[in-house]
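> Given next are the chains, with one letter for each unit.
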Amino acid sequence: MSDLYVETPLVHREAPQGLSIELREITDRGMIDLRGSANDKKFMVAVKKVLGLDLPKAPRTSVSWGDVKALWLSIDQWLILCSRAKAVELTAALKAELGSIHSLVVDVSDMRAVLRLEGEGVREVLLKGSSLDLLSDDYAPGTVRRMRYAEIAALLHVVEDSVFDIYVFRSYADYAWEFLLATARAPAKVSLFGAQNAAI
Amino acid sequence: MLLVHCPVCGAEGDETDFHGGGQAHIRRPATHNPAEVSDEAQRDYLFIRHNPRGLHFERWRCDRGCGKWFHAARDTVTMEFKAFYGITELPPRELMEAATGEWATYFKDKLKADAKS
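First to last, the sequence lines map onto chains A and B.
Just so it is clear: in the first sequence, position 178 is 178 by our numbering, and no numbers are missing.
Adding 1000 to a residue's 1-based position in the second sequence gives its number in our numbering.
Worth double-checking, as some hints may not be accurate.
Said to hold, decoys possible - Ranges of calculated distance between the beta carbons of each label pair, as one might list FRET restraints:
hint : chain 1 : residue 1 : chain 2 : residue 2 : range
1    : A       : K86       : B       : E1094     : 45 to 55 Å
2    : A       : G52       : B       : M1079     : 41 to 51 Å
3    : A       : K48       : B       : E1015     : 34 to 44 Å
4    : B       : M1001     : A       : F169      : 20 to 30 Å
5    : B       : S1117     : A       : F169      : 41 to 51 Å
6    : B       : A1113     : A       : A182      : 55 to 65 Å
7    : B       : M1001     : A       : R24       : 29 to 39 Å
8    : B       : E1015     : A       : R185      : 25 to 35 Å
9    : B       : M1001     : A       : S191      : 39 to 49 Å
10   : A       : R24       : B       : G1086     : 34 to 44 Å
11   : A       : K86       : B       : T1076     : 44 to 54 Å
12   : A       : Q17       : B       : M1001     : 36 to 46 Å
13   : B       : R1093     : A       : K189      : 45 to 55 Å
14   : B       : G1020     : A       : E7        : 33 to 43 Å
Since the hints were derived computationally from the structure, they do not count as laboratory data.
For clarity, every value in this text was computed on a predicted model and none was experimentally measured.
Don't be surprised by glycine CBs; every beta carbon is placed ideally from N, CA and C.
Construct the entire structure; sequences and hints are all you get.
Below you can see the structure in the form of structure tokens.
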């Protein structure tokens, strides 16, 4: 019998050198897709009992409790983040607690690749692939938004002011990685006056 | 580039963040009367669409956002969006009244029902 082991989408990639920001893959993230009605009190109570947090109801927000985070994806969909080791156990606990309540819980830890971007000028680097105004106050830490990034579907999570997580579907991981390697090489911050940074 | 607003999650974005779903308020005849659906009714349901000059009603999807479908009223001449409203809703009354041609015919009954209630 062969043993099962986890291989993340970007395991074969080396740590990038000479970028204007730090870029790496987060390999130990567990993800659970949770769907249900936010207006269903029983559903919200059951989820709180397991996760210890109230699911965010406001669009594009997130809530965390300990090492568990709930990201708002839609009015009836959330992405639960935890450590990879905990995902299986948490999925089972949620399923058991939700029981016959109309809902859906799926462990999707291997569905997406998680890219962590860190450093001064992260927003400007991401702007190269997006039409959102990432420099505005709408994108404060904690903001979550599904977006079109470099022509593919991505999920943006503002972790801290200059720390961003980008979630892309697994099959797009290499493409997103290459796109970031190309666009993150030169700093892109634009100053109002004086000489600008050299373009790529 | 059209700027679209999602009435479900409030996201504002480019046309590329959304997905146009064609004409709104199409009723599937077989849903309401599965036993007697004429070929003409089925043909109209599948293929025949309005193509008005001016006010038009469309379906859109918040494709890169919350993933929900919604309705939009748009002027096909100026490309201006007049309103965004829920997928189960009818357009605002003034837009139903402003509709012309095939849309005016379609909304006539709805306006009457609206006035009664």
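> Need the list of violated hint numbers for this structure, in ascending order.
Hint 9 contradicted; others consistent.
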